[in-house]
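These are the residues of each chain, in order.
Protein chains: 2
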Amino acid sequence: MKNQKTIWPGGTQLAPVPVVLVGCGDGKNFKYNCLTVAWAGTLSSNPPMVGIGVRPERYSRGLIESSGVFTVNMPSADLAEKVDYCGVVSGRDVDKFAKCGFTAIAGSKVAAPVIAECPISLECKVRHSLSLGSHILYVGEVVAVQISSEFIDEKNHFDVTKANLLAYAHGNYISLGETLGTFGYSVKKK
Amino acid sequence: MKNQKTIWPGGTQLAPVPVVLVGCGDGKNFKYNCLTVAWAGTLSSNPPMVGIGVRPERYSRGLIESSGVFTVNMPSADLAEKVDYCGVVSGRDVDKFAKCGFTAIAGSKVAAPVIAECPISLECKVRHSLSLGSHILYVGEVVAVQISSEFIDEKNHFDVTKANLLAYAHGNYISLGETLGTFGYSVKKK
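Going down the list, the protein sequences come from chains H and L.
Per this note's numbering, residue 1 is the first one in the first sequence, and the count goes up by one each step.
Per this note's numbering, residue 1001 is the first one in the second sequence, and the count goes up by one each step.
It is worth saying that the hints were derived from the structure and are not from the lab.
As the structure is a prediction and not an experimental result, all values here were calculated from the model.
There may be inaccurate statements among the hints.
Claimed, not checked - Cβ-to-Cβ under 8 Å is the rule here; a few derived chain H residues that face chain L:
#, residue
1, Gln4
2, Thr6
3, Pro9
4, Pro16
5, Thr42
6, Asn46
7, Pro47
8, Gly53
9, Thr103
10, Thr182
11, Gly184
As the list claims (entries may be wrong) - Derived BS3-like pairs (lysine-lysine); straight-line CA-CA distance at most 30 Å:
#, chain 1, residue 1, chain 2, residue 2
12, L, Lys1031, L, Lys1099
13, L, Lys1005, H, Lys109
14, L, Lys1099, L, Lys1125
15, H, Lys99, L, Lys1005
16, H, Lys31, H, Lys125
17, H, Lys125, L, Lys1005
18, H, Lys5, L, Lys1005
19, H, Lys188, L, Lys1031
20, H, Lys31, H, Lys99
21, L, Lys1005, H, Lys28
22, H, Lys109, H, Lys162
23, L, Lys1125, H, Lys5
24, L, Lys1188, H, Lys31
25, H, Lys99, L, Lys1188
26, H, Lys125, L, Lys1125
27, L, Lys1005, H, Lys31
28, L, Lys1028, H, Lys5
As the list claims (entries may be wrong) - Derived Cβ-Cβ restraints for the label pairs, each shown as a range:
#, chain 1, residue 1, chain 2, residue 2, range
29, L, Asp1153, H, Glu81, 26 to 32 Å
30, L, Ser1108, H, Glu65, 35 to 41 Å
31, H, Lys155, L, Asn1164, 31 to 37 Å
32, H, Lys155, L, Thr1103, 42 to 48 Å
33, H, Thr103, L, Gly1011, 30 to 36 Å
34, H, Glu57, L, Ala1106, 37 to 43 Å
35, H, Thr179, L, Glu1057, 25 to 31 Å
36, H, Asp159, L, Thr1103, 35 to 41 Å
37, L, Asn1164, H, Gly133, 27 to 33 Å
38, L, Val1088, H, Ile7, 39 to 45 Å
Cβ coordinates follow ideal geometry from the N, Cα and C atoms, glycine included.
Looking at chain H on its own, in the form it has when it is part of the complex (with noise of 0.2 Å):
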């Protein structure tokens, strides 16, 4: 039967959503982690804003709190697999820049590591938060983007398709495909 619907309770089925290396710190640079976050969206253009949802028994939830400062590190396709470990073990255990081999460099406008490997990373200053039950979400303004150079033309166009950004939907990680069409193209003259 065409069009027909199975019911399920509500659940975190939205999908692709995007699958991120939360970049975080004391906002000395001295004590740094990184925390994998795939409930995560821009929430707003301008000013522009990200949401990040942390479970608060996270050990980055200090370190984001105190230091009112996070980056989002956006990864290739080719990181999933450290991507998945950060996401499933502790800063309080491991040292996950060391055992991942990441660079930490410093934020241009915040003080907290931004992931050198990742090809764009979002420098953000946290604005509003707010408790939703298992995570809170954090609404962060993105103040500054690091952009890996190598993906930018001479004309200074970035091509995020050349980046290879990771996706995730319901526990998968995913790569991207194709480019179907650009944003106003249903009402272009063909």
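Keeping the supplied structure of chain H fixed, place chain L upon it in accordance with the hints.
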């Protein structure tokens, strides 16, 4: 030079993000609309919460605020052109369901339209709203999920990779590619 970075001002570069059709109405199934939203994400697991960013001048804003409910409908990649269209025209001017050939079915728990042609739809009740500047963030609790039965196997398992969902990155509508791993695979015994 390896790991050289170019620093840009803050922007909406988080990618990939979902690109969904948000369904909304007057709460009486008399007037309804849908709009395309890419500023969306899962924000918490328990209770399951999603966030959507909607420009306050949007026609749908009034429908969401007066009804207190919305749906999040995930399109398959073959709907990309219709998804684009529903983001560039307004429900004030166009009956998008009619124009796109979408079938509105009733929510099981909320009085907002579910788009039958989308393989997964979340039924949401607004729990928080927060003005972030250009967009209002609505945080919705997912109270039910409708899944096209054709994607559910005899063990009641839904394989999202068969639904061929659509992602969005920097203005590009992108299909999903290969599954590279599943949650926890980095620490499982090989």
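Legend entry - lysine 5/H paired with lysine 1005/L [C-alpha distance capped at 30 Å]: 47 Å, violated
Inset, instruction - Using the beta carbons of threonine 103/H and glycine 1011/L, state whether their distance is inside 30 to 36 Å or not. - result: Given about 23 Å between the Cβ atoms, the range is violated.
Legend entry - Interface restraint verdict for glutamine 4/H against chain L (beta-carbon cut-off 8 Å): Cβ of glutamine 4/H sits 4 Å from chain L, so the hint holds.
Legend entry - Satisfaction of the threonine 103/H interface hint, Cβ to chain L closer than 8 Å: 6 Å, holds
Legend entry - Given pair status - lysine 5/H, lysine 1028/L, alpha carbons within 30 Å: 21 Å, holds
Inset, instruction - Decide if the proposed pair is consistent with the structure: lysine 99/H and lysine 1188/L, CA atoms, cutoff 30 Å inclusive. - result: 17 Å, holds
Legend entry - Pairwise hint evaluation, lysine 1005/L against lysine 125/H, where the allowed Cα distance is 30 Å at most: 20 Å, holds
Inset, instruction - Closer than 8 Å between Cβ atoms is the bar; does threonine 182/H clear it against chain L? Give me holds or violated. - result: Holds: closest Cβ of chain L sits about 5 Å from threonine 182/H, inside 8 Å.
Inset, instruction - Report holds or violated for the interface hint on glycine 184/H, using the least CB-CB distance to chain L and a cut-off of 8 Å. - result: Interface hint status for glycine 184/H: holds (6 Å vs cutoff 8 Å).
Legend entry - 30 Å limit on alpha-carbon distance, applied to hinted pair lysine 31/H and lysine 99/H: 15 Å, holds
Inset, instruction - Take the C-beta atom of lysine 155/H and the C-beta atom of threonine 1103/L, compute their distance, and say whether it sits inside 42 to 48 Å. - result: With Cβ atoms ~44 Å apart, the hint holds.
Legend entry - threonine 42/H as chain L interface residue, shortest Cβ-Cβ below 8 Å: At 5 Å from the nearest chain L Cβ, threonine 42/H passes the 8 Å test, so the hint holds.
Violation of the numbered hints given earlier is confined to hints 18, 33, 38; the remaining hints are satisfied by the structure.
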